[in-house]
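Protein chains: 2
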Amino acid sequence: MKTIRVQLQERSYPIFISHEKNEFKVFAEKLARLKPGNSALIITNPTIGGLYVSKLINALEANGIHACRYYVKDSEESKSIKTFVAVVQKASSLDVKKRLFFIALGGGVVGDLTGFAAAAYKRGIPYVQVPTTLLAQVDSAIGGKTAIDLPAGKNLVGAFYQPLMVYSDINVLKSLPLRQIKSGLAEVIKYGVILDRQLFGYLEKNYARLLRADPDCLAHVIAAAGRIKAHVVAVDEHETAGFRTILNFGHTIGHALETATGYTQLAHGEAVSIGMAAAADIALELGIFDPKSFWRLINLLGHLQLPVQAPKVDLKAVLNAFYRDKKFIRGAVRMVLPTKIGHVIVTENIPWTVINKIIKKRVANHEY
Amino acid sequence: MKTIRVQLQERSYPIFISHEKNEFKVFAEKLARLKPGNSALIITNPTIGGLYVSKLINALEANGIHACRYYVKDSEESKSIKTFVAVVQKASSLDVKKRLFFIALGGGVVGDLTGFAAAAYKRGIPYVQVPTTLLAQVDSAIGGKTAIDLPAGKNLVGAFYQPLMVYSDINVLKSLPLRQIKSGLAEVIKYGVILDRQLFGYLEKNYARLLRADPDCLAHVIAAAGRIKAHVVAVDEHETAGFRTILNFGHTIGHALETATGYTQLAHGEAVSIGMAAAADIALELGIFDPKSFWRLINLLGHLQLPVQAPKVDLKAVLNAFYRDKKFIRGAVRMVLPTKIGHVIVTENIPWTVINKIIKKRVANHEY
Numbered sequence: 008m009k010t011i012r013v014q015l016q017e018r019s020y021p022i023f024i025s026h027e028k029n030e031f032k033v034f035a036e037k038l039a040r041l042k043p044g045n046s047a048l049i050i051t052n053p054t055i056g057g058l059y060v061s062k063l064i065n066a067l068e069a070n071g072i073h074a075c076r077y078y079v080k081d082s083e084e085s086k087s088i089k090t091f092v093a094v095v096q097k098a099s100s101l102d103v104k105k106r107l108f109f110i111a112l113g114g115g116v117v118g119d120l121t122g123f124a125a126a127a128y129k130r131g132i133p134y135v136q137v138p139t140t141l142l143a144q145v146d147s148a149i150g151g152k153t154a155i156d157l158p159a160g161k162n163l164v165g166a167f168y169q170p171l172m173v174y175s176d177i178n179v180l181k182s183l184p185l186r187q188i189k190s191g192l193a194e195v196i197k198y199g200v201i202l203d204r205q206l207f208g209y210l211e212k213n214y215a216r217l218l219r220a221d222p223d224c225l226a227h228v229i230a231a232a233g234r235i236k237a238h239v240v241a242v243d244e245h246e247t248a249g250f251r252t253i254l255n256f257g258h259t260i261g262h263a264l265e266t267a268t269g270y271t272q273l274a275h276g277e278a279v280s281i282g283m284a285a286a287a288d289i290a291l292e293l294g295i296f297d298p299k300s301f302w303r304l305i306n307l308l309g310h311l312q313l314p315v316q317a318p319k320v321d322l323k324a325v326l327n328a329f330y331r332d333k334k335f336i337r338g339a340v341r342m343v344l345p346t347k348i349g350h351v352i353v354t355e356n357i358p359w360t361v362i363n364k365i366i367k368k369r370v371a372n373h374e375y
Numbered sequence: 008m009k010t011i012r013v014q015l016q017e018r019s020y021p022i023f024i025s026h027e028k029n030e031f032k033v034f035a036e037k038l039a040r041l042k043p044g045n046s047a048l049i050i051t052n053p054t055i056g057g058l059y060v061s062k063l064i065n066a067l068e069a070n071g072i073h074a075c076r077y078y079v080k081d082s083e084e085s086k087s088i089k090t091f092v093a094v095v096q097k098a099s100s101l102d103v104k105k106r107l108f109f110i111a112l113g114g115g116v117v118g119d120l121t122g123f124a125a126a127a128y129k130r131g132i133p134y135v136q137v138p139t140t141l142l143a144q145v146d147s148a149i150g151g152k153t154a155i156d157l158p159a160g161k162n163l164v165g166a167f168y169q170p171l172m173v174y175s176d177i178n179v180l181k182s183l184p185l186r187q188i189k190s191g192l193a194e195v196i197k198y199g200v201i202l203d204r205q206l207f208g209y210l211e212k213n214y215a216r217l218l219r220a221d222p223d224c225l226a227h228v229i230a231a232a233g234r235i236k237a238h239v240v241a242v243d244e245h246e247t248a249g250f251r252t253i254l255n256f257g258h259t260i261g262h263a264l265e266t267a268t269g270y271t272q273l274a275h276g277e278a279v280s281i282g283m284a285a286a287a288d289i290a291l292e293l294g295i296f297d298p299k300s301f302w303r304l305i306n307l308l309g310h311l312q313l314p315v316q317a318p319k320v321d322l323k324a325v326l327n328a329f330y331r332d333k334k335f336i337r338g339a340v341r342m343v344l345p346t347k348i349g350h351v352i353v354t355e356n357i358p359w360t361v362i363n364k365i366i367k368k369r370v371a372n373h374e375y
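So the sequence lines, in the order shown, correspond to chains F and B. Note that the working numbering numbers the first sequence so that position 178 is 185, with each residue one more than the last. Note that the working numbering numbers the second sequence so that position 360 is 367, with each residue one more than the last.
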């Protein structure tokens with residue numbers, strides 16, 4: 008068991024990375040010690056819930072916590088106002104003479120939805136993140152960014168609202184498809200590039216074991232990613248100081264690719280992978296990133312079988328989405344660009360000609 | 008112009024109580040200095056908006072702030088998920104390359120809705136309260152409690168989210184019906200009982216002038232109320248330390264009366280008035296409140312033409328609502344009871360027989 012602490016004064020909380028086969032026994036014990044309430048509503052999806060929710064409920068009941076489950080669809084659809092209202096109404100029906108809290112058992116969708124429901128229900132009740140995808144374990148479950156979508160845009164309604172704890176169980180990753188493992192590893196590469204060249208070196212050495220979902224290797228990178236995310240969040244919890252922005256490395260062009268493809272064709276990590284390659288291109292073109300580091304990044308993405316080019320994507324749709332993106336600040340495009348492995352800058356001084364050229368390169372229909 | 012400061016570290020903000028006829032000129036100047044953004048969405052209702060929104064927009068534009076209006080119905084209906092989504096979608100349509108913020112121009116409904124929309128839109132944008140009812144000026148616009156309703160209950164979805172400033176213009180109260188003035192004064196009496204016997208004495212001396220909506224008297228009580236609310240909020244922003252609970256004096260039985268009558272028959276202050284009389288009854292019955300203070304409170308409510316008994320209310324409905332109220336903590340009823348003018352206690356040790364007897368007295372169909 009590894010423990011990392013997110014330092015946020017009275018909102019500080021632990022991230023546990025569990026390796027042992029304890030079927031949520033240790034989770035329930037650790038949770039009970041935090042006194043979150045005596046009644047848990049577990050938000051999960053049928054796939055993950057079917058595998059783990061009974062074990063989780065048993066472990067909670069053994070620690071004096073009454074628990075109910077609530078299933079939501081395993082898709083972005085669940086980040087809707089409709090599902091949010093359903094969760095809150097469910098909570099309200101349970102919350103009689105009991106101190107209720109939420110448990111998010113699932114990936115990013117379940118975590119984002121549950122976190123926002125916890126933030127808004129009765130102006131805030133406690134919640135706990137039990138991320139079950141690698142992507143959620145290394146990124147979305149940590150840091151308190153919660154949100155749901157509106158027709159007008161993704162994540163338009165949300166809150167910064169920190170969980171009581173994050174419990175990442177390596178064992179649950181066994182049921183994860185390889186494509187989702189790789190998608191999570193894209194975010195781990197991101198942490199290496201923005202702040203941790205040692206982590207980057209570890210990935211270069213251990214990519215083959217990671218692709219086999221080796222539990223020791225996964226535990227190592229989940230802990231490393233958790234430490235970096237916890238640090239960034241502690242420095243700039245509400246993304247007001249500018250520092251948290253560096254987490255958007257690969258995401259500016261990545262989001263445009265996701266929007267242009269309706270969030271169906273590319274996994275999030277795949278879009279981020281292409282976005283990181285594009286940001287590296289731009290940095291290379293501007294002369295702030297050296298070719299050797301550039302190729303280290305491109306090669307590592309390749310070793311982890313992540314794409315560096317988007318096939319079957321409409322260039323015009325990507326450009327449209329890009330220039331409408333929220334990272335657009337007063338007419339300038341703000342991007343995170345690498346200067347070396349382990350260091351990035353945030354800049355708004357990028358000629359549009361360069362951006363357009365690189366986007367074209369990364370969505371063109373030929374091999375790079 | 009009186010100024011009060013709500014002390015909440017980086018979330019501190021001023022409350023201005025304006026007396027002069029300046030048609031929002033001073034408001035816009037003070038606001039511009041806080042640099043809230045360059046684009047304002049004013050949420051208001053047709054009645055208040057019809058009277059003031061053009062003047063407000065002119066004043067904002069003169070200070071370089073572009074402004075749009077968005078009308079919502081002047082009723083509790085507007086605290087719905089549907090209206091919330093409409094406001095956020097409207098915001099999203101305006102928020103291109105601009106730094107948007109909200110202005111709540113109206114009473115408690117507009118303030119609660121706008122505050123929550125500001126809290127949740129893009130995980131939080133700035134907002135300003137311009138309360139136009141006495142009730143909102145002395146209570147709901149201060150302290151950052153925002154919420155909307157769900158079918159399952161009122162204020163079930165919300166946030167603690169502080170405004171950038173509160174601007175209470177006495178002049179706008181001229182268009183307010185006398186019944187709403189009295190309703191607001193009930194909350195002012197509440198402040199006197201819980202924390203400020205001088206304010207209570209002021210009300211005893213000046214009730215006749217207050218009923219004539221004398222501007223100097225109103226400015227005095229709005230400032231006094233603002234100071235008390237600011238103090239309570241500064242000590243216990245999130246209602247976690249127990250102190251903010253004293254603001255519920257008169258509200259436990261008051262809310263039950265409002266629920267039992269479907270929020271149509273009684274104005275909020277009227278329900279609170281009856282609730283304060285009932286809480287005083289209980290304190291008298293328990294021997295913790297002296298008869299002289301008891302009669303001072305009952306007489307002041309009478310002087311301000313506020314009810315101390317609910318006519319045409321179903322006793323059973325009130326008792327049902329009361330025992331389902333959220334102030335119900337693990338089976339015990341938590342109430343705020345006066346011990347003298349200027350001091351209250353929060354207690355859970357009230358025999359149900361006493362509570363039932365007093366509720367019966369206050370909803371019985373005869374004069375007290």
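FYI, nobody ran anything at the bench for these hints, they're computed from the structure. One thing to keep in mind: the hints can contain errors.
Note that identical chains are pooled: a pair holds if it fits in a single copy or bridges any two copies.
Taking lysine to aspartate or glutamate pairs in the EDC-like style, the calculated list, with each CA pair at most 20 angstroms apart, reads [said to hold, decoys possible]:
1. Lys97 / Glu36
2. Lys129 / Glu83
3. Lys129 / Asp297
4. Lys105 / Glu355
5. Lys42 / Glu246
6. Lys9 / Glu68
7. Lys212 / Glu244
8. Lys212 / Glu17
9. Lys347 / Asp297
10. Lys299 / Glu68
11. Lys129 / Asp243
12. Lys37 / Glu17
13. Lys129 / Glu84
To see whether the hints hold, each was checked on the structure:
| no. | hint | result |
| --- | --- | --- |
| 1 | Lys97 / Glu36 | neither (26 angstroms within a copy, 46 angstroms between copies) |
| 2 | Lys129 / Glu83 | between (25 angstroms within a copy, 18 angstroms between copies) |
| 3 | Lys129 / Asp297 | neither (52 angstroms within a copy, 36 angstroms between copies) |
| 4 | Lys105 / Glu355 | between (51 angstroms within a copy, 16 angstroms between copies) |
| 5 | Lys42 / Glu246 | between (29 angstroms within a copy, 18 angstroms between copies) |
| 6 | Lys9 / Glu68 | neither (25 angstroms within a copy, 56 angstroms between copies) |
| 7 | Lys212 / Glu244 | neither (32 angstroms within a copy, 50 angstroms between copies) |
| 8 | Lys212 / Glu17 | neither (39 angstroms within a copy, 45 angstroms between copies) |
| 9 | Lys347 / Asp297 | within (7 angstroms within a copy, 76 angstroms between copies) |
| 10 | Lys299 / Glu68 | neither (55 angstroms within a copy, 53 angstroms between copies) |
| 11 | Lys129 / Asp243 | between (26 angstroms within a copy, 16 angstroms between copies) |
| 12 | Lys37 / Glu17 | within (18 angstroms within a copy, 33 angstroms between copies) |
| 13 | Lys129 / Glu84 | between (24 angstroms within a copy, 19 angstroms between copies) |
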